[in-house]
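Chemist: If you want the building blocks of each chain, they are given just below.
There are 2 protein chains.
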Amino acid sequence: MERVTVREIFRETEKYLNKEVQIEGWIRTLRSSKKFGFIEVNDGTFFKNIQVVFDEKLENFKEISKFPISASIVVQGKLDPTPEAKQPFEIKATSVSMIGDSAKDYPLQKKRHSFEYLRTIAHLRPRSNAFSAVFRVRSLAAYAIHKFFQERNFVYVHTPIITGSDAEGAGEMFRVTNLDLKNIPLDDENKVDFSKDFFGKDTNLTVSGQLEAEAYALAFRNVYTFGPTFRAENSNTARHAAEFWMIEPEIAFADLNDDMDLAEDMMKYIINYVMENAKEEMEFFNSFVDKGLFDRLENVVNSEFERITYTEAIEILEKSKEKFQYPVKWGIDLQTEHERYITEKVFKKPVFVTDYPKDIKAFYMRLNDDNKTVAAMDLLVPGVGEIVGGSQREERLDVLEERMKELGMSEKEYWWYLELRKYGGTKHAGFGLGFERAIMYMTGMKNIRDVIPFPRTVGSAEF
Amino acid sequence: MERVTVREIFRETEKYLNKEVQIEGWIRTLRSSKKFGFIEVNDGTFFKNIQVVFDEKLENFKEISKFPISASIVVQGKLDPTPEAKQPFEIKATSVSMIGDSAKDYPLQKKRHSFEYLRTIAHLRPRSNAFSAVFRVRSLAAYAIHKFFQERNFVYVHTPIITGSDAEGAGEMFRVTNLDLKNIPLDDENKVDFSKDFFGKDTNLTVSGQLEAEAYALAFRNVYTFGPTFRAENSNTARHAAEFWMIEPEIAFADLNDDMDLAEDMMKYIINYVMENAKEEMEFFNSFVDKGLFDRLENVVNSEFERITYTEAIEILEKSKEKFQYPVKWGIDLQTEHERYITEKVFKKPVFVTDYPKDIKAFYMRLNDDNKTVAAMDLLVPGVGEIVGGSQREERLDVLEERMKELGMSEKEYWWYLELRKYGGTKHAGFGLGFERAIMYMTGMKNIRDVIPFPRTVGSAEF
Numbered sequence: 001m002e003r004v005t006v007r008e009i010f011r012e013t014e015k016y017l018n019k020e021v022q023i024e025g026w027i028r029t030l031r032s033s034k035k036f037g038f039i040e041v042n043d044g045t046f047f048k049n050i051q052v053v054f055d056e057k058l059e060n061f062k063e064i065s066k067f068p069i070s071a072s073i074v075v076q077g078k079l080d081p082t083p084e085a086k087q088p089f090e091i092k093a094t095s096v097s098m099i100g101d102s103a104k105d106y107p108l109q110k111k112r113h114s115f116e117y118l119r120t121i122a123h124l125r126p127r128s129n130a131f132s133a134v135f136r137v138r139s140l141a142a143y144a145i146h147k148f149f150q151e152r153n154f155v156y157v158h159t160p161i162i163t164g165s166d167a168e169g170a171g172e173m174f175r176v177t178n179l180d181l182k183n184i185p186l187d188d189e190n191k192v193d194f195s196k197d198f199f200g201k202d203t204n205l206t207v208s209g210q211l212e213a214e215a216y217a218l219a220f221r222n223v224y225t226f227g228p229t230f231r232a233e234n235s236n237t238a239r240h241a242a243e244f245w246m247i248e249p250e251i252a253f254a255d256l257n258d259d260m261d262l263a264e265d266m267m268k269y270i271i272n273y274v275m276e277n278a279k280e281e282m283e284f285f286n287s288f289v290d291k292g293l294f295d296r297l298e299n300v301v302n303s304e305f306e307r308i309t310y311t312e313a314i315e316i317l318e319k320s321k322e323k324f325q326y327p328v329k330w331g332i333d334l335q336t337e338h339e340r341y342i343t344e345k346v347f348k349k350p351v352f353v354t355d356y357p358k359d360i361k362a363f364y365m366r367l368n369d370d371n372k373t374v375a376a377m378d379l380l381v382p383g384v385g386e387i388v389g390g391s392q393r394e395e396r397l398d399v400l401e402e403r404m405k406e407l408g409m410s411e412k413e414y415w416w417y418l419e420l421r422k423y424g425g426t427k428h429a430g431f432g433l434g435f436e437r438a439i440m441y442m443t444g445m446k447n448i449r450d451v452i453p454f455p456r457t458v459g460s461a462e463f
Numbered sequence: 001m002e003r004v005t006v007r008e009i010f011r012e013t014e015k016y017l018n019k020e021v022q023i024e025g026w027i028r029t030l031r032s033s034k035k036f037g038f039i040e041v042n043d044g045t046f047f048k049n050i051q052v053v054f055d056e057k058l059e060n061f062k063e064i065s066k067f068p069i070s071a072s073i074v075v076q077g078k079l080d081p082t083p084e085a086k087q088p089f090e091i092k093a094t095s096v097s098m099i100g101d102s103a104k105d106y107p108l109q110k111k112r113h114s115f116e117y118l119r120t121i122a123h124l125r126p127r128s129n130a131f132s133a134v135f136r137v138r139s140l141a142a143y144a145i146h147k148f149f150q151e152r153n154f155v156y157v158h159t160p161i162i163t164g165s166d167a168e169g170a171g172e173m174f175r176v177t178n179l180d181l182k183n184i185p186l187d188d189e190n191k192v193d194f195s196k197d198f199f200g201k202d203t204n205l206t207v208s209g210q211l212e213a214e215a216y217a218l219a220f221r222n223v224y225t226f227g228p229t230f231r232a233e234n235s236n237t238a239r240h241a242a243e244f245w246m247i248e249p250e251i252a253f254a255d256l257n258d259d260m261d262l263a264e265d266m267m268k269y270i271i272n273y274v275m276e277n278a279k280e281e282m283e284f285f286n287s288f289v290d291k292g293l294f295d296r297l298e299n300v301v302n303s304e305f306e307r308i309t310y311t312e313a314i315e316i317l318e319k320s321k322e323k324f325q326y327p328v329k330w331g332i333d334l335q336t337e338h339e340r341y342i343t344e345k346v347f348k349k350p351v352f353v354t355d356y357p358k359d360i361k362a363f364y365m366r367l368n369d370d371n372k373t374v375a376a377m378d379l380l381v382p383g384v385g386e387i388v389g390g391s392q393r394e395e396r397l398d399v400l401e402e403r404m405k406e407l408g409m410s411e412k413e414y415w416w417y418l419e420l421r422k423y424g425g426t427k428h429a430g431f432g433l434g435f436e437r438a439i440m441y442m443t444g445m446k447n448i449r450d451v452i453p454f455p456r457t458v459g460s461a462e463f
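Taken in order, these protein sequences are the chains called A and B.
Numbering-wise, the UniProt record's numbering puts 129 at position 129 of the first sequence, and it's gapless, one number per residue.
Numbering-wise, the UniProt record's numbering puts 423 at position 423 of the second sequence, and it's gapless, one number per residue.
It should be emphasised that the hints constitute simulated quantities derived from the structure, not laboratory data.
Treat the hints with care, since some could be wrong.
Which copy is meant is left open, because identical chains are indistinguishable; a pair holds if it fits in one copy or across any two.
[What the hints assert, rightly or not] Below, in silico cross-link-like pairs of lysine to aspartate or glutamate (DMTMM-like), each with a Cα-Cα straight-line distance of 20 Å or less:
1) Lys-372 to Glu-406
2) Lys-268 to Glu-283
3) Lys-66 to Asp-101
4) Lys-412 to Glu-462
5) Lys-361 to Glu-406
6) Lys-201 to Asp-180
7) Lys-182 to Glu-172
8) Lys-196 to Asp-180
9) Lys-422 to Asp-105
10) Lys-19 to Glu-8
11) Lys-104 to Asp-398
12) Lys-361 to Asp-333
13) Lys-19 to Asp-55
14) Lys-78 to Glu-2
15) Lys-412 to Asp-105
16) Lys-201 to Glu-172
17) Lys-191 to Asp-180
18) Lys-147 to Glu-276
19) Lys-422 to Glu-63
20) Lys-182 to Asp-193
21) Lys-279 to Glu-151
All of these numbers come straight from a predicted model, not from anything done at the bench.
For reference, chain A alone in the conformation it holds in the complex (with noise of 0.2 Å):
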């Protein structure tokens, strides 16, 4: 009697297959009639359940008969082919037995539930099939990246969640504090006395590793961050996550094509690895929540995506017969309707748009000759827009000073940032991509809160 996994009787049915085996999982169906019955046993280790069959030769037959939904149970028997039916083989039970009860008012019943209430639920939704799907893609989806990036000797930085900085100069950032609420210190000019704090200064949660992870481009040459990250936004969209994680890879001796190479490899090796990795759950995507998700995925790793400057696409937008919500001219940021209909209307594919304003670009990235643009670059997608976005960085010590000026930026809390500069800088790029955009665009489901297992949101922080 082998002690056996779900997966592993899917994944390698022969060796099982006529043989005694034992499974351990949770009832998913159970139906009976008066001499035998069904369950469909689920545990959690494959997407699909397995079919149990029960008859009235099992001594305990009318208690299984009874056994509630959810409950977890161990079931021993002889793994039979069944040429004939649906499923390609079912376990021929000589022995099933309880080993955890479940309350009758369990809240997933057969019938289908809205995403919204399984919010409500978020530690049982992983037990519903579309959760399940979706929590396992986004766990290979981590791998992926992973894999990816040290497969091409890539330094993994763990780059600080509390930060005494402002990474892009500008975002909304949580306050991370011990200081008692109801006794908040002064000081001398009647301002928050930080000095009392536990770190001694006002203290943040991080809207971006990239800064941190330059110092460390500039050793490792290429590396990459993957962390959470967070914004204070009160913004209650479908898009928008109070805590979120984000992948933020650095290249050095790079410019901005070297960064939109790795961008598309790095896009499509992730695409490629879940669509093998992740079969029965893509299918169930397809098939359920997305019906166009597999052309569009195939599109991305199948066409070489395309580059144009933000000059030419405004100029697409300028010539363009369709009527949006925003008016398009030079020097505006582009909004996601604009994007979409370069991606979906006119390319039809992937497309990076590079080269965009410097007054709408962060500090960091590096001026091009032209004196109006900087060397950024975004991936815009079909079906979601912008996914990626990135520069090349200013290197130029003169530049970035002169830049940080412009923008009445403090040179003295960014000195060990213009060090980089100082001491041996170099060419260098990277990019940012939102996993959970990613995971969004991979299993096609519509709200930020459905691909996080417990979304932190504006009002929101249950579980």
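Assemble chain B onto chain A, guided by the hints.
Modeler: Chain B alone, transformed into the frame defined by chain A:
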């Protein structure tokens, strides 16, 4: 002329020997005479430097001779075998040009610096030998952990960082807030009115993802977390950081023995992976940081870990002639001196100590039949003491509720955790591995500040 990395040259030497190559990198050392000179170049991809020879035939020979330490350069030349020299090959340069200058006050000159000093230049220290080795090992160890669990079909779960609950039932936590500290809203009872805060409640940084991981183990069977965790402890020691990363696997249909098997397999896997994939770095640690390192690690990999109960451990300690600072008797929490005695003096290999008194362990640990001890385990290793802590979890709803009542815990706050027992609970277990402790153990580094890229400790959140 092929553009290659120093790693490629060292790892695939045959492919490049006697060929023209181009490398980019940073100058680590440079010495020159009137007619020729040598540059040790490091490009970040490999622990070792490559030697570049340049001579007066190069038109910019005199300038090259004056290139400063840490300047970034591009070198072209032939990769020459040097069978009679210390290094196996060198690049005979046909061209050397500087792409990034470095100021004369570059802090990492040839002389050795103390680790304390290097902490003050955390943005530059990964360019030194020691920290280049530490942070590559950290990256490889992180990957080894993912690889280990993914190969075993574990699902990686991103448990929340911002949380409304306290997983350990204790532990000092950092508050996360968006309230205006100079204008804290109060409610009718004169308490801080967190309903006005971003999440509508009091929130903190997580101390553990275990409780949420349990929810996922009861859906996917085998899961793991790997993310940052936080402690607001005012401990200014070499082993405490306010922000550190933790790995927490959680396995269903599994008991304490399965849990120990998993921990043992994992530890051996990580060490083997790092020894194989960071040979040069590990040799550096063994030679310059901790001379007993290889012996210790080989001992871990090759031994079967001992397993004794807490009660047996106390007996051993009581019978020993060792003078301990903390007196030994049944009921005490083992101190590092006790742990090290057991693993270093008695067994001389890693030891699992199991079945601790319930009063010194967490509420969620499974009560043993003796009603006095719980199914907990700590893994003790020579040189460190405790490195892993875990337990079988209490799956019996009534026993868990009883224990929470004893401890005065709010059942209401843990409603979802209790529901995991109500709806198809099953025996399950898990453990936590502090990632930094594991890195310290594998490298011989003695201070946690030296294995975190930008450490956060009491009074310090620089960079």
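Chemist: Run every hint past the structure and note whether it holds.
Modeler: Against the structure, the hints:
no. : hint               : verdict
1   : Lys-372 to Glu-406 : within (14 Å within a copy, 68 Å between copies)
2   : Lys-268 to Glu-283 : within (18 Å within a copy, 37 Å between copies)
3   : Lys-66 to Asp-101  : within (11 Å within a copy, 78 Å between copies)
4   : Lys-412 to Glu-462 : between (39 Å within a copy, 13 Å between copies)
5   : Lys-361 to Glu-406 : within (13 Å within a copy, 57 Å between copies)
6   : Lys-201 to Asp-180 : both (15 Å within a copy, 16 Å between copies)
7   : Lys-182 to Glu-172 : between (24 Å within a copy, 18 Å between copies)
8   : Lys-196 to Asp-180 : both (10 Å within a copy, 17 Å between copies)
9   : Lys-422 to Asp-105 : between (66 Å within a copy, 10 Å between copies)
10  : Lys-19 to Glu-8    : within (13 Å within a copy, 49 Å between copies)
11  : Lys-104 to Asp-398 : between (70 Å within a copy, 17 Å between copies)
12  : Lys-361 to Asp-333 : within (9 Å within a copy, 55 Å between copies)
13  : Lys-19 to Asp-55   : within (19 Å within a copy, 74 Å between copies)
14  : Lys-78 to Glu-2    : within (11 Å within a copy, 60 Å between copies)
15  : Lys-412 to Asp-105 : between (60 Å within a copy, 18 Å between copies)
16  : Lys-201 to Glu-172 : both (18 Å within a copy, 19 Å between copies)
17  : Lys-191 to Asp-180 : both (15 Å within a copy, 12 Å between copies)
18  : Lys-147 to Glu-276 : both (14 Å within a copy, 17 Å between copies)
19  : Lys-422 to Glu-63  : between (76 Å within a copy, 19 Å between copies)
20  : Lys-182 to Asp-193 : both (14 Å within a copy, 11 Å between copies)
21  : Lys-279 to Glu-151 : between (23 Å within a copy, 17 Å between copies)
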